[in-house]
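From just these sequences and the hints, can you work out the full model?
Protein chains in written order, with the numbering used here: chain A, 86 to 492; chain B, 86 to 492; chain C, 86 to 492; chain D, 86 to 492.
Among these hints, one or two may not hold up.
No copy labels: a pair is met if it fits in one copy or bridges any two.
[Claimed, not checked] In silico BS3-like pairs for lysine-lysine, Cα to Cα no more than 27 Å straight-line: (1) K90 with K458; (2) K326 with K160; (3) K351 with K483; (4) K483 with K401; (5) K351 with K467; (6) K309 with K351; (7) K467 with K326; (8) K326 with K232; (9) K483 with K90; (10) K232 with K309; (11) K326 with K209; (12) K232 with K351; (13) K401 with K326; (14) K209 with K232; (15) K232 with K401; (16) K309 with K467; (17) K483 with K232.
These aren't lab readings, by the way, just hints derived from the structure by calculation.
In this text, all values refer to a predicted model and were calculated from it rather than measured experimentally.
For reference, the chains in residue letters:
4 protein chains.
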Amino acid sequence: MNKKKIINDPVYGFISIPSVLVYDLISHPYFQRLRYIKQLGMTHLVYPGALHTRFHHALGAMHLMGLAVEVLRGKGHSISPAEEEAACIAILLHDIGHGPFSHALEHTLVQGVHHEQVSMCLMKQLNETFGGQLDMAIEIFTGRYDKRFLHQLISGQLDLDRMDYLNRDSFFTGVSEGVISFDRIIKMFNVVDDGLVIEEKGIYSIEKFLIARRLMYWQVYLHKTVIAGEQMLINTLRRAKELASGGTSLFASPALAHFLDQQIGKTAFFESPEHLDQFVQLDDQDIHAAIKVWASHADPVLSALCRMLTRRELFKVEITGSAPSPGRVEDLQQRTASVFRTSEADAGYFVYTNTVENRAYNATIENVNILMKNNEVIDIAKASDLSNLESLDRTVTKHILCYPRGI
Amino acid sequence: MNKKKIINDPVYGFISIPSVLVYDLISHPYFQRLRYIKQLGMTHLVYPGALHTRFHHALGAMHLMGLAVEVLRGKGHSISPAEEEAACIAILLHDIGHGPFSHALEHTLVQGVHHEQVSMCLMKQLNETFGGQLDMAIEIFTGRYDKRFLHQLISGQLDLDRMDYLNRDSFFTGVSEGVISFDRIIKMFNVVDDGLVIEEKGIYSIEKFLIARRLMYWQVYLHKTVIAGEQMLINTLRRAKELASGGTSLFASPALAHFLDQQIGKTAFFESPEHLDQFVQLDDQDIHAAIKVWASHADPVLSALCRMLTRRELFKVEITGSAPSPGRVEDLQQRTASVFRTSEADAGYFVYTNTVENRAYNATIENVNILMKNNEVIDIAKASDLSNLESLDRTVTKHILCYPRGI
Amino acid sequence: MNKKKIINDPVYGFISIPSVLVYDLISHPYFQRLRYIKQLGMTHLVYPGALHTRFHHALGAMHLMGLAVEVLRGKGHSISPAEEEAACIAILLHDIGHGPFSHALEHTLVQGVHHEQVSMCLMKQLNETFGGQLDMAIEIFTGRYDKRFLHQLISGQLDLDRMDYLNRDSFFTGVSEGVISFDRIIKMFNVVDDGLVIEEKGIYSIEKFLIARRLMYWQVYLHKTVIAGEQMLINTLRRAKELASGGTSLFASPALAHFLDQQIGKTAFFESPEHLDQFVQLDDQDIHAAIKVWASHADPVLSALCRMLTRRELFKVEITGSAPSPGRVEDLQQRTASVFRTSEADAGYFVYTNTVENRAYNATIENVNILMKNNEVIDIAKASDLSNLESLDRTVTKHILCYPRGI
Amino acid sequence: MNKKKIINDPVYGFISIPSVLVYDLISHPYFQRLRYIKQLGMTHLVYPGALHTRFHHALGAMHLMGLAVEVLRGKGHSISPAEEEAACIAILLHDIGHGPFSHALEHTLVQGVHHEQVSMCLMKQLNETFGGQLDMAIEIFTGRYDKRFLHQLISGQLDLDRMDYLNRDSFFTGVSEGVISFDRIIKMFNVVDDGLVIEEKGIYSIEKFLIARRLMYWQVYLHKTVIAGEQMLINTLRRAKELASGGTSLFASPALAHFLDQQIGKTAFFESPEHLDQFVQLDDQDIHAAIKVWASHADPVLSALCRMLTRRELFKVEITGSAPSPGRVEDLQQRTASVFRTSEADAGYFVYTNTVENRAYNATIENVNILMKNNEVIDIAKASDLSNLESLDRTVTKHILCYPRGI
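This is how it looks when you write it as structure tokens:
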């Protein structure tokens, strides 16, 4: 069987599977599961094209890794075929631990369990399955491999993960503001002292990349209606779990039931293999299918939330610079309690506040290094007086207030 | 509340919702349901981007209707605002009766019930809900309205339904062979004697359109692996229904259970409103979520099929010009029965034959009329000695043979 | 003869000519001349695709005007067919007075004559030719028409001229950093108190627009090698004029000879019609054709400059934050004089300094007004704490120093 | 000086210059000259974006060669770095002998001298200049190198020359019908017995390629108005040469004058080096600049033709299946002679007939070989019953009749 497949990708044209091992990893049920986990969760309620999956994103990031390796080799940096394959595998699997609607889950079903830890755990399991063939990939992934730039390509200010998701999210949402010149940026990659740098003439492309990222945050990732949808999902799962733990019967697939019926903390999750076994059975469809059924549940809070979600009657969201007054929130909760005939405590499932923030470029965590024509390496903020990075490096915090329309 | 929304669409940039009535129809649960029905069913197993939905396609077709009306008005044909809205509604709702994986369903869960009839039925219900405001839309949809060309824009050789799905399927699969110059074709629309015609200089674009359609058939719609996936789904549902009717318990949402547990013929379906009520609860997610659970079912046939589907271990498909020999088929069935430890009868769930056909341009059903510069209207086949329509008008029939890999 | 033509445009797909009058203006020799004047002068020496012309740009800007009028009408602002045609004509003709390589010319052949004045002059001539049919177009163009927003669409912070040239220059150079969401911006146009405003949710698109413009400045319009090419052209024409005025014979088309052989100041230019008659005969080809011939001229300065231009042996350009030291410049001039065997005075044709500047958003000249959801109109700088407009509003001045490579 | 440049190309994104030798060849005046020769001659009069040059096309074809070499190496075919560079050079220089408006020139200024011979001649001169470094490139170009497939990539049914020009012409004209999946086709390249073959699953892309080519012929290359423009140019040059040989004085650059003033046959052209020296000085601008001046020449035929060309008052062209009747032609000539006040003989400059033909796929010259999955190599016509190649293999001949509008 020919495993050197070519996959059509509307974003890059074609993605080639580079080796038999990569083909076998893609074929593994852990990876196939990502076909059913949308990259952007509830965003498709605002941008109907945004149905692309973590499966597709992982393939795309792997494709960019191939391009980056080619560019760096062309500039005289030696990268062995084994290193190339390991780097491809590391980025392919970087998100393998994501559950459906990660944030919602991390706040509800599997409290305190972060997808990064699950990814690590699954990569180790796959490494056993594949007889240690993932050793180097794991070293690169965890930053313990000595060619540090390989890790930076997977996780860093300009990693190929971001590069792909900005591209792909922009493509499938149709928000052209997020388009980035990924090919140009990659062509400007170079390595100095084992660290990834950008050649001077790529500086404008980087600036555009940082700005595109910021615009995508405000136009897509933190779009009001997207926030409304996600928050409604979180509240729905919270309510379902509350009911289940009280013994109420709820339609659910076995995997979903597993996490509804019991409280599984972080330690328990990683200690007992049955939790992970159930976790890898979960995808977006368990959640969606349950929500449709719950829409006719006897509990008025659960059914109201689910009906609103399936009918796309989403909360109204106000985003403001300062926190809403407690009086306003209380007033909204009282009116909600009366309209929805719930207790005032349960009105909290419909009215709530939160904060969101975005900082496009965080110079304190990791900076972008520019390789000047005179071979000096300097921070991008110093490389150009053109750069308006100061404003990108400022954290912008916003307050959100959600409540049912018509209250 | 502002209902003159603009929706981002990666295919056309933006789609404007033309009126309050259209906004309210889009918001109706019947239409929102289409968000969860993929346009191309199992095709995403081959083309991972092909996750776009009937919801998005219907909006796209409506957008093209707006463009077409503008062009025809610009050429002096009067189309009233009411007619424009009706035509937009008619095309918006043309597919509203589709269930998940239409073909699979029509062969299994709701045998003999075609989606066109369900669409008609739901449009009538919506018309009641909206107090008769859909009267003209229904007249146009059924071809009873006197401006015949409006119906042809919805259903005809060059209708906007096809125009959008070719565009959209090509966009999301990444198969650039299917790209058509929809804007140029629409700009060449004209009306003579109430019938839609194409102006002479659009003839090459039409030819390209017909060829693109044929290429999409062979590269996407009838792609071997897509056929394999769909056939496996059909067999899975057939088996599930067989088990359910024998009293075996199966995980299923209430709506899916409704159609698994009983035989509902065409007459019954339309007579008793409960069937339709359950039907509009069904979408792709009911099926997918069940399949995941059935993969551990005790029935060896059902669980094998579901495991293969979720892991994407799809049947091998051979497409040939002539039928495979009965001996070969029987031999495959025997070997399958032995490997899968099933009866030879049940081996039919794994090995089967079928035929597929495609005819890009069927001159006998409805032809494409060209408006020549001398104002004559003639069939495209006569309009140009360039045209290789004869070869497109030939039906190509192919035989398919499916069986598990490794048998 | 059908004058409702459709023109293929790779940027927008199709451009429709809206009326017979517009068709006739496009057919006029004054407008046809723009076919032979490149939009970006010498830029094609760096970006080989940048051969698009002022002809194509003017058509594109007219196309965008059609879209803008449609959007504003859709929002209830009345724009009569006559006003629409006038606005289309005004933007179609806004650049009609451009000569080849405007800047080069304005510094050499026709000193002090700005293309805006020539545009005005030619529009008046066309108005006579067309019996006063351009009256309203001229009023809009000059800002004397009472619907002020029509003028702002032609000349303002967000006019359709800029919108098209950013799009078009980005498309033909292949510099994707300049891509703007023109369709989204135009969809966000609105009018308050006769003034053009942007609806609040278009704010990110505007920000992207301003940034794209800045990036295009530094990557394209002020690209080092582009500056080198333009400066060499200016020096070539200066030298040619110096020689011609000294009686040296030079190959030149009659129109070019007209401007080489005499000093024509601003007043003379507009007083005597023969100058304008010759001016409208000039295009890029007169200059290029002459340069090729001058490359073998006896004058060592002229022939050296022309040889370098035709062979693309362009000056080295240094761009710095502060002015180069006079000593360095003098030293370069001395070495140049010795290598090129010229006097030190003539070495100034090869070594020179200049400054360039760019300010992406000039709040003091005209600001961008945002229409908030509460119907308030406020300046973009106040509309959003996201906005990094301060950095865009800063003028960046750079010093350039050019000299022959290898000196 | 860094010669590993990257050039922005709107068609492919970026083109890398692969070696110092290639950089130096691109910098040579022979190659720089191609910057001023449009790929599609007068086509920009119909498609205003079609100003792209042979310079850009040659770079694009070289870029595709790089991709093809990478694909073939990936499939295990050895291609040494020297062979890769030679193949790149061969395709880079394949059109270097083109003059401005090749067809016009070959019929008028340099009768009987074909651009292929000039290319060969210039490649040999460059080989001398570069000390024999082009030996292998010339062997590949002329088909004498033993890896036959390298030659087929430069000149064959599916060569990279066609691949680039279809892409590029489609891109710059905006005729989306000509878009081809070049990346998919190249990915399907393989080599059997030193010959280029296409893998079976690329068959639809090939079919689309052949159809795209045919559509480009009728929509662009043989567009009526393009034919009119080219024929008017031919007649203009014929008249100019007739006048010049009769001693009439004509404005012309020295290089153009060289070919106007004397009859240079094929033998003379290649025997005496001065002819080639003048030829490489010629580009589109010599012709255009002269035409503008000739528009006021005393000769009524020359000035009428040139006025019509500069004002784009192009001939009316009728394309028909059978030849126009001699009576009709004679009648048109008589009326023309009377309107233009010329002799009836000179009316032949305004009224003339010709034939054009197109055959998309010529199986008799060289066929496309398909590598089937069973490793058989068969002709595409036999590879698929889908293929409508018969109709593409038919030569379509059309008669054209041109005459001034309004006669």
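Checking each numbered hint in turn, tell me which of them this model violates, lowest number first.
2, 3, 5, 6, 7, 8, 10, 11, 12, 15 and 17
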